[in-house]
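Sequential numbering of the sequence shown, starting at 1, is according to our numbering.
Warning: the hint list may mix true and false statements.
What the hints assert, rightly or not - Cross-link-like lysine to aspartate or glutamate pairs, in silico, DMTMM-like; alpha carbons within 20 angstroms at most:
1) 90 - 154
2) 233 - 154
3) 214 - 173
4) 30 - 7
5) 92 - 173
6) 28 - 89
7) 233 - 246
8) 233 - 127
9) 92 - 44
10) 30 - 12
Claimed, not checked - Label-pair restraints from in silico Cβ distances:
11) 123 - 34: 34 to 40 angstroms
12) 56 - 165: 19 to 25 angstroms
13) 34 - 274: 54 to 60 angstroms
14) 40 - 233: 40 to 46 angstroms
15) 324 - 165: 53 to 59 angstroms
16) 98 - 293: 24 to 30 angstroms
Keep in mind that the hints were calculated from the coordinates and are not lab data. Being a predicted model, the structure only gives us computed values, none of them experimental. No residue lacks a Cβ here, since even glycine has one placed at the ideal position from N, Cα and C.
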Amino acid sequence: MLLPDGDISSQDWWDSQSATWGDWVEGKPKSVQSNASGWLVDFEHHEAQVLPVDEDGHGRRLANLGCEELHTAIGGVQFEGRDVILVFEKLKMVPIEMDAEHLKMAGESLGRFHTLCGRNIATPNDERAWNQRLDILEPRTRSATKWRAPHSADTQGTITHRNFRLNQCYVREGKILLGGCMGGILNALNPESSPSPALRDVASAVIGLSAEQKRNFCEAWASSAPAHWSSNKALDGHRGGLLIWEYEQYLQSRLYHQSWGKSEPESVTHFLSNVSTLQNGMYRARTIAAGGMICLYIPVVAILYWGFYPEASTPSNVELIGVAIAAGVGWFLRKVYRSLAPTAW
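Given these sequences and hints, build the entire structure.
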């Protein structure tokens, strides 16, 4: 941890410091408040977030994007690649309301942010690293669950917000600004070994929302995010989709509350206690898929046998009907399998 070596409520302390990048604060601190990330120091025209623990300077990384959707830092202090102090300009903003209109605006804003991120970084599917992250979170939180996902090739790693929450979305002059643009303690508890997909930010936003609120937000995000990141393959519930990232976010929330000795929200306990039920349903669906695959292979094998095996006899009508029935059953079972997939959102 990097802790202030003096009184951060005094002007002398701030006058003795200087930014290692960007702009610096001016004047006397008006107040100092502790928060989940460290200390928030209020000045007349700025706010300074002091971070005792940070992962890898993500606050400055977001600032360097120059994204109009974000309320990022305008300067600060870094030490060995970590953000120690981030300076934010004070703006007149109001938190969004949780109605359909503002949820859609927030979703579209997040999607535009991800589009910009995708132009900067878009790494191939890295399911090994993403599953290893779960392999750390599950034993560390003492959760009686284990879930791994074969992520789609449409799921790419990119620059993500990392701390996205709807209560950090604000309205300014009719536009949505996404706040909370920093790394901090929550991310440092389990550092990122490989760029995460945009779906991680979406999952961070929707945990705790009703089904209708979730749909409004996610459909708006999909309308402005890169198309392949919200494709049917990327959102395939049988391959993890958004649901596996919701699982990761719930584990992350449990880790945070356990680290501070706090009682976790009921929504976290409820979701994680129902993971086994969800997995059992997916296992039964895979059994149906396997039956469908076998039935679809029968016509292929029969055609290859009749067409290329020298001693094969001419198929009878009964055999042809049997092969057609197998193909029909296979097609039907695949349809059933698709219908049993967890909903995209």
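Going down the list of hints, with the structure as the test:
A C-alpha spacing of about 38 angstroms is found between residue 90 and residue 154, which places the hinted pair above 20 angstroms, so the restraint is violated. Between residue 233 and residue 154, the direct Cα distance comes to roughly 7 angstroms. Compliance with the 20 angstroms bound is thereby established for this hinted pair. This hinted pair does not check out: residue 214 and residue 173 have alpha carbons roughly 25 angstroms apart, beyond 20 angstroms. Proximity of residue 30 to residue 7 is assessed by CA-CA distance (about 13 angstroms); at most 20 angstroms being required, the pair is judged to hold.
For the proposed pair residue 92 and residue 173, the alpha carbon gap of about 9 angstroms is at most 20 angstroms, so the pair holds. In summary, the hint linking residue 28 to residue 89 is supported, as the alpha carbons are separated by about 15 angstroms, within the 20 angstroms threshold. The hinted pair formed by residue 233 and residue 246 meets the criterion: a straight-line CA distance of about 17 angstroms does not exceed 20 angstroms. With a CA separation close to 14 angstroms, the supplied pair residue 233 and residue 127 stays within the 20 angstroms bound.
Straight-line distance between C-alpha atoms of residue 92 and residue 44 comes to about 13 angstroms, which keeps the hinted pair within the 20 angstroms bound. Note on residue 30 and residue 12: the hinted pairing holds, with a Cα-Cα distance of about 13 angstroms set against a maximum of 20 angstroms. At roughly 36 angstroms, the beta-carbon separation of residue 123 and residue 34 lies within the given 34 to 40 angstroms, and the hint holds. In this structure, residue 56 and residue 165 meet the distance hint of 19 to 25 angstroms, their C-beta atoms being roughly 20 angstroms apart.
Judged by the Cβ atoms, the range 54 to 60 angstroms given for residue 34 and residue 274 is violated: they are separated by roughly 35 angstroms. Restraint check, residue 40 to residue 233: a C-beta distance of roughly 42 angstroms satisfies the suggested window 40 to 46 angstroms. Hint check: residue 324 to residue 165, Cβ distance near 54 angstroms, so the stated range 53 to 59 angstroms holds. For residue 98 paired with residue 293, a C-beta distance near 44 angstroms fails the hint of 24 to 30 angstroms.
Figure legend: structure checked against the earlier numbered hints; hints not met, in rising order: 1, 3, 13, 16.
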